[in-house]
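Each chain, letter by letter, is given below.
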Amino acid sequence: MKNTTIIFGISALAIACAPFALNTYWVDVLNNVGLYAILALSLNIILGHAGLFHMGHAAFYAIGAYTAAILNTTYGVPILWLMPVAGVLAGLFALVVARPIIHLRGDYLLIVTIGIVEIVRIALINNVFDLTGGANGIFGISRPSVFGFKITKPQHFYYLIWGFAAATIFLLLRLEHSRFGRALLYIKEDEVAAGGSGINVPQLKLIAFVIGAVWAGMTGTIYAAKMTIIAPESFSFAESVVLFTIVILGGSGSIPGVILGAFLLVGLPELFRGLAEYRMMVFGAAMVLMMIFRNQGLVPPAPKHYAIKPDLRAGGAQ
Amino acid sequence: MEEFFQQLTNGLAVGGIYALIALGYTMVYGVMKLINFAHGDLFTIGAYLGLTLLLSFGLFDKIGPLAAVGVLAIMVMILVAIIGALLERVAYKPLRRSPRLTAVVSALGASIFFQNTIMAIYSPKFLVYPHDILPKMAVNILGLDVPIIRILMFLTSLALMAALYFFIQKTKIGTAIRAAAIDQGAAKLMGINVDRVIMLVFCIGPALGGAAGLMVGLYYGQVNFSMGWMYGLKAFTAAILGGIGNIPGAMVGGLLLGVIEALGAAYISIAWKDAIAFCVLILILIVRPTGLLGERVAEKV
Chain A
1 MKNTTIIFGI
11 SALAIACAPF
21 ALNTYWVDVL
31 NNVGLYAILA
41 LSLNIILGHA
51 GLFHMGHAAF
61 YAIGAYTAAI
71 LNTTYGVPIL
81 WLMPVAGVLA
91 GLFALVVARP
101 IIHLRGDYLL
111 IVTIGIVEIV
121 RIALINNVFD
131 LTGGANGIFG
141 ISRPSVFGFK
151 ITKPQHFYYL
161 IWGFAAATIF
171 LLLRLEHSRF
181 GRALLYIKED
191 EVAAGGSGIN
201 VPQLKLIAFV
211 IGAVWAGMTG
221 TIYAAKMTII
231 APESFSFAES
241 VVLFTIVILG
251 GSGSIPGVIL
261 GAFLLVGLPE
271 LFRGLAEYRM
281 MVFGAAMVLM
291 MIFRNQGLVP
301 PAPKHYAIKP
311 DLRAGGAQ
Chain R
1 MEEFFQQLTN
11 GLAVGGIYAL
21 IALGYTMVYG
31 VMKLINFAHG
41 DLFTIGAYLG
51 LTLLLSFGLF
61 DKIGPLAAVG
71 VLAIMVMILV
81 AIIGALLERV
91 AYKPLRRSPR
101 LTAVVSALGA
111 SIFFQNTIMA
121 IYSPKFLVYP
131 HDILPKMAVN
141 ILGLDVPIIR
151 ILMFLTSLAL
161 MAALYFFIQK
171 TKIGTAIRAA
181 AIDQGAAKLM
191 GINVDRVIML
201 VFCIGPALGG
211 AAGLMVGLYY
221 GQVNFSMGWM
231 YGLKAFTAAI
241 LGGIGNIPGA
251 MVGGLLLGVI
261 EALGAAYISI
271 AWKDAIAFCV
281 LILILIVRPT
291 GLLGERVAEK
301 V
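Top line first, the protein sequences correspond to chains A and R.
Residues 1 to 318 in my numbering are what the first sequence lists, from first letter to last.
Residues 1 to 301 in my numbering are what the second sequence lists, from first letter to last.
Keep in mind that the hints were calculated from the coordinates and are not lab data.
C-beta: ideal position from N, C-alpha, C; glycine also.
Everything hinted at is true.
The list that follows gives simulated cross-link-like pairs (lysine-lysine, DSSO-like), each with its CA atoms no further than 30 Å apart: (1) K33(R) - K172(R); (2) K188(R) - K172(R); (3) K33(R) - K188(A); (4) K33(R) - K188(R); (5) K93(R) - K188(A); (6) K273(R) - K136(R).
Stretches of chain A that chain R covers, calculated by requiring three or more beta carbons in the stretch to come under 8 Å of a beta carbon on chain R: (7) 107 to 120; (8) 278 to 288.
Same shape as in the complex, but just chain R:
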């Protein structure tokens, strides 16, 4: 039973990361009906930028670990948001009126470009985050020793998701994003600057993805130029699981996938861990393509 709960907390911590990345996929899909294949690589960029900033400023010695992680996260999020907006401007904006496949291929090209740029700048090797930056202690919750970093990760993802949810639901800009997701043409007629909305979506999504990258770096302690691909696919699975285009769906899907994967790795086989996520993906697409919370039927002729 102890093992079960440990896996559960681990799954929730990783699931929070999947959810953060999934939000980027789902928001872009919601507004543009495009799978942004480069999103996983924006996540990797976040992890690498986090490492670079961490090593170059030595913030941890100056202002203590928690404040340093906070500052680091904000810097990473801003930088990755800028890269995301640039990506949209260069690779997707000229393709607004093209057939869907062209944008997908462009996204793949951008993904390959990012991955290899990271590899050329850093190195093909795994890079290691400094070990001693976050407290290693565990907190006892109901007789269970949970590492504090898991709790922090889970809480951070929840906080970011809650912030996004309120932004989308309660603010005027959020309403504009939702309107553009439902009907771009009508949104334009209502005076919404759809181009601006898309730009914004390409800032918010990558910012969350970048934050997730930083968290993965801190949690696992190592980063690799190609890791974004697997995280991207898993997060995309999470987005589908919750219902793509649906923001609460991405959150639920991410957490659920994290837990399924952690339990599957523990009780079925660790070697098949990645395959479990893909089986979930295939099953959900066959059985319920709209996902758990998806209400809109995506089939448009």
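Just chain A, with the same shape it has in the complex:
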């Protein structure tokens, strides 16, 4: 326990100091890692904790980003104020689409979510409701500002993104050990037994779905602010696959694992820029090998221990 605390402390410190040691290019790479880490963490609630095979996460991310972009460019609302709006809309969308499909079994759900993300992408390309700007997307999204300080440089975004990531991690740790988090774990381990113990399985699954979507939607806002231009191709099915892979390879259900996964899948390929043509090939092969030799992921979640209350020890309630 001591060792892990030290490792986490050093990693957190390293992340906090990184922009001082790195050039702008690498800071930007770390920004992308951060965005993917947050998105993967939000997917982790659905996939890792609730055990729902969801491969359409880019749809929620897209809805958040487009909501923020449209409201920002049309009405000039400051972009960071739009985070809750984007989150709520993504969450509502998730509620509407997930409600009828939440009962589907594993791989069926996977296929349906792929269908949803493709439909969203096609809708964006076809300029649905005349709002999304078609295949070119939306440009001219304004830079965010915090208390009058305008965020423009990658170094500034770095602290915005990783600050949000830190908040996300804190909240997710709270969630993981809450009554809700424990119920999700139970559902993942044994759905029937969970239902038998009085857990409302479909409802909790739906809540997990919506929480993940809200978070992805809020992250979409940051993405839109960082890029100032968004297009449907940024939210393709391939993005969903990358997120899915981050969670599975990192260790589904494990927060440090997912963050490590984001570094490996988004950060590491930057080291092999010259081999760009082959890196996806290596990814594919790595996924197969990982599943054969270590299918629980690189850093699987530690088994949970809960102290038994004294009055429940041997003999039960007195």
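Given the coordinates of chain A, work out where chain R should sit on it, guided by the hints.
This is chain R only, laid out in the frame that chain A set:
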């Protein structure tokens, strides 16, 4: 009305392709309860191998177009079947006893691997099939000019499907495949070599998919490294539509999806063509997850 029937024949021709690919999904799912995500890429490999063989041997000049397509199809089918069997051996066999998600992720990994290997070997660009290899003429059927290639495609898919149907229903090996699909454990006890059956399924499915790839190359005249993904998803939709695990279901589902899509593209909007197929997928999973012909309820705890 003319337009309607033209779209109908087009839909049937494309539907035949969906059906051929769907058979690969449905057979694998039937025996292993696994969605073989790499199947669409085996289809792409078929299309590319067809192009390579076509260009390297120059068969069309030597033995005439129809015989050449026949020889080409057989070569492609054999090669893709070998790749399919290798895929099974490397990526799925070690995972027989693992949780279902692991095999799905392994399949996705294999798919990404195949796609990028094709891209690295060939190129990210669209490659063009030679234009003048098949006769361009149209046949007049009941006052309707139907391009001969559509008819050939439709007939070829029907012939392959019929051959598969009789193989599965009438031969001893086919019976073994059906037995393994119903209950692997019991099949083993009856002396069926289930590993061999799975290997065989991973030869037949990809062979049909490879043939479909060749047909798409000849029909549309161009191939791309990522095309297998969309065809794969559509074919999977077709398999679900007909009832996954059910072989006649995949045939019916494929043809039906092809027609729905062609008519939808013509009368609703061509830009939403792909979305129509996915809407069909979602609706069928919500309303009738067992598909049109599916009888077995898949829910197992």
